[in-house]
Structures are given as C-alpha cells and as structure tokens.
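Asker: Listed below are the residues making up each chain.
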Amino acid sequence: MFWRLLTIATMVILAQGAELAGPSEFYVVSQFFSDNGALFYYRVIDVKQDGSDSVIRYVRIAPASVHCPRLIIQATEARVRDKSPAQVAGRNNPCAVKPAALRAALDRYRQRGGVFEPSATAS
Amino acid sequence: MVQLWGLAGEVTATAFGPDDIFQDRGEEVDLALQRAGERLVPELTSGRYDIGLAAAVKGNVGTWKNPSFRSLLASYRGPIPEAETKASLVPQLLNAGAYRFSHFVAPKYAALAMQARIRGKVALHLTVRSATGEVHSASIVSGHPLLTPSAVEAARQWRFEPNSVSSETVNVIIEYDLRCQQ
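From first to last, the protein sequence lines are chains X and F.
The opening position of the first sequence corresponds to residue 1 in this note's numbering, with each subsequent residue numbered one higher.
The opening position of the second sequence corresponds to residue 1001 in this note's numbering, with each subsequent residue numbered one higher.
Derived by calculation from the structure, the hints in this document are not laboratory data.
Where hints are given, some of them may not hold.
Unchecked claim - Within a straight-line C-alpha distance of at most 27 Å, the following computed DSSO-like cross-link-like pairs (lysine-lysine) qualify:
#1 LYS1121/F - LYS1086/F
#2 LYS48/X - LYS83/X
#3 LYS98/X - LYS1058/F
#4 LYS98/X - LYS1108/F
#5 LYS1065/F - LYS1086/F
#6 LYS98/X - LYS83/X
#7 LYS98/X - LYS48/X
#8 LYS1058/F - LYS48/X
#9 LYS1108/F - LYS1121/F
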C-alpha cells in the first residue's frame, strides 16, 4: 500500500510529572496529510510507566482506503522492559523544550496555505 | 525543538521495530489491529488527547474549529475487513440479472483510473455467437478512455449460456464506481 506523506504536521507532546530529566509519561499526537488521497491521517503514541517498564500504546486513525473515507482505528500495544518513559524518549526529551518556545516555533512555521497549487485562473 | 521530530519515530522503533506496524500486515492482522482500536474509542473520545490534537491541527492546513477526537470519530462505525473495501472497487455489470453466463470475468478497475478518481459507465456493443454464447467482438459505445480497456478485455472473455441471448448483438453497461459501505 502507498505511504507517501506530503506533510507531516505538528507533533504535540504533553509530559506529566516532568522534570528536566525526562517525562514519567507522555503522548504524541500527529496529523498527516497524504498526497494520494487528499485525506488526513492521525497517530497517537501514548507512553506510560508500569513498574520498571514502559507501556506504549500506538493508535492510527485513517480512512479505510484512499477510495473510502470511512474511518478505521488500528491500535497496538507493546511493553518495553526495564525502561522508563524518560529512557524510551532518550535524547528526544520533550521536557527539555520550553513550552513557550515550542508554541512560538509552531506559530512561526504554521502551514498557512494549501499544500497544492491554487486553481489556475484563465486570463 | 528539532529533537522532538525524532521522538515519535524513536519511540515506535524501540517498541515496534523499524517497519510501520499498521501497513501491509495482511487481512487477519489488520482486523485484529482494528478490533484493538475499536476498544479504545471510549478513551480516545474522552478528551484525554484533545489538547494534543488541537495543537497538531493548529499547525497544519485546514479549518477545523474545536478539534476533538469525539468529533473526528463521530461517524466511526467499527472495523472494516480489508476484503470489503476491495470488493467495493469491482466494476458492476448493470442489469446483470438479464443475462445468463456460463463464464463471466469481472472487469478490473485500472490502477491509474482509481488513482485519478475516474468513475462512470462504459457502454459496450457485443456481437455474440448465439448458438455457443461466445463473444465474437466487443466494441466501445461510450466511456472514459481509462475505463474502457478493462471493460473490453473482460467482455471478450465472457461466454453466455448457449441460446440464452435472443439477438446476436448485445448492449451492456458496466459501472465503475469508487465507493465503500457507509
């Protein structure tokens, strides 16, 4: 199946119990836009601590196919043994990002127009 | 900031491996993934992830006001077997009940036509050897050029039941539509 994503949108990370060392739990929501169906796709990654392990839930919400806009939800879960969410995040520590700076960056680089050329105008 | 772009990929690679776990998994696995997804609807629509969704949408194109998973999934109706989405892409012979075939080949939807979202009707004029039911020739009466070749190719392989058509010429219409069960 195709998987050509034209635009990868903003990711948002919400960390709870966060210290600069890393989050104790977090999730990431992504919105994608495909050039092959002009449809939006969504993914949620939810990372939680369970004892000394991390439990990662991964969800995809998508049209059933490029010809069928009816939504499907796919989900799976995995356990990463003896790793905290902070360790799972590794060097991509969301807690190291200042929220105000993140918001400012998102606003600055926000997609303001369509990703395709506007309709041609005859003259 | 740059590092955040790598976060989702790194997490999923650590937990699920480098390949996209949702793509090309086969019908059975796909259905299991969908059933697992269906069980998460209450949690998804609880509002828990809406702040993240709103921020993601804000950074993208579109005019979705007050984004929420509840509104996104308002029309969600449960898993769809892959076969069902594929079956809906098979072009249909209209008024099929009027004919009796001893051999019928369904036309294929050309990939390019599907990708270009081309749909419509193809009308064919068939000449049939009445005694044997064989299709002697199939000519295009009307239809989109990206749809007609597969209609002709299929029709040439059809065989009507002997003496089941009253005339040696038969006009048929094949409908190409891109739809799914709503």
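Asker: The structure should be examined with respect to each hint, and the outcome stated for every one.
Answerer: Consistency of the hints with the structure:
no., hint, in the structure
1, LYS1121/F - LYS1086/F, "19 Å, holds"
2, LYS48/X - LYS83/X, "11 Å, holds"
3, LYS98/X - LYS1058/F, "18 Å, holds"
4, LYS98/X - LYS1108/F, "54 Å, violated"
5, LYS1065/F - LYS1086/F, "33 Å, violated"
6, LYS98/X - LYS83/X, "24 Å, holds"
7, LYS98/X - LYS48/X, "21 Å, holds"
8, LYS1058/F - LYS48/X, "26 Å, holds"
9, LYS1108/F - LYS1121/F, "13 Å, holds"
Taken one by one, the earlier hints fail for this structure at numbers 4 and 5, listed in ascending order.
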